[in-house]
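**Q** One-letter residues, chain by chain:
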Amino acid sequence: MMRRFVADLHVHTLLSPCAEVEMTPRNIVWHAAEYGVNIVAITDHNAGDNVAAALEAAKGTDVTILPGMEVESREEVHLVVLFDKIRQLREWETFVNAHRSGRMNNPERFGAQFVVDAEDNLVREKPEMLLASLTAGVAEISSRVREIGGLCIASHVDRPTYSILSQLGFISPDVALDAVEVSRRVPLTEARSRIPAIGTLPVVTASDAHTIEDFSTGPRTVFYMEQPSVAEIKQALNGQNMRKVVV
Amino acid sequence: MTVQELVTAVPLTVVSGQDALTRAVTGGYASDLLSNVMGQAQQGNVWITMQGHQNIIAVASLSNLAAVIVAGGSQPEQEAVKKAESEGVVLLTSPLGVFEVAGRLHRLGIAGA
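Chains L and F, in that order, give the protein sequences. The numbers in numbering that gives the first Met the number 0 rise by one with no breaks, and the one at position 98 of the first sequence is 97. The numbers in numbering that gives the first Met the number 0 rise by one with no breaks, and the one at position 4 of the second sequence is 3.
In short, the hints are calculated from the structure, not lab data. Everything hinted at is true.
With beta-carbon atoms standing in for the labels, derived distance ranges:
#1 101/L <-> 25/F: 35 to 45 Å
#2 61/F <-> 186/L: 22 to 32 Å
#3 102/L <-> 42/F: 30 to 40 Å
#4 120/L <-> 63/F: 57 to 67 Å
#5 85/L <-> 38/F: 41 to 51 Å
Quick caveat: nothing in here was measured; it's all calculated off a predicted structure. Where a beta carbon is used, it is the ideal one built from N, C-alpha and C, also for glycine.
Turn these sequences into a full structure, and let the hints steer you where they fit.
**A** Okay, here's the thing in structure tokens:
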């Protein structure tokens, strides 16, 4: 049966050095249930270590967690990548680990990178510097994500930093994008007219939350579809089989 | 000053655009934000960047630049090289950092806006 799904496809946990420590998977799931967010994608910078805890924390709730990541390419473009299964995310992490800069994080300067369990217990700190570009470019990243069966969305294309438009000027055809994301600064209804470089690509919006305040206030994208899955979202983005993005 | 003279003096490696090295250089620009380059670089400028994505060729072509210098040991992607060849864009590389390349160009009399 078709229904509405409220989705936040871009949420950081306390694994991201720039996110607040309150962003534990359990706290995010609790707030998602409280605010009626049906789908939450966990998208930490260049890492997926807190996704398992989020999946665990969401058990027995009606919140669906999508395993994801916000990847930084060689060109310093941020891309949100989303998968259905943690197995796919693990496969993607193998690619990410093979394309790291080799630099280590300095928690005092850039912020700590905490891996936690579903009950908010600290498991370990992630030593690799996550807020850094990988050695792979946007074209290679997007095609690999597609091979694994994931979605690739260009992050906050309205922003002056780390956006595919700021870094590369325009979206070139070598990038396999499923959609672009606009931040809370641009209403979804105005995105295409205010940012002509989006062209005909589907547009979503997400909180890009680094705090619970960000997460609670949105923005979110509403999908009309049957299941909270990547395949259904892909159809909705393209307006296929009655699925759609509700604007 | 022509592109060829810069290639010899800095020195720079010619990746593509061998036929267009006689073109006169009107000035220089340095940035890794292509959105910014599109608005700021002037016709006939040489542009120094670390970006190696194929869009650098489109930007150079669109802004009618005399040459693109990919500096800092960064390597232009294969697609960028192919595009540069097909569009006749002068693509140069240097192991020197962006600052050093800009400094050497400036000493040779190439100024920014």
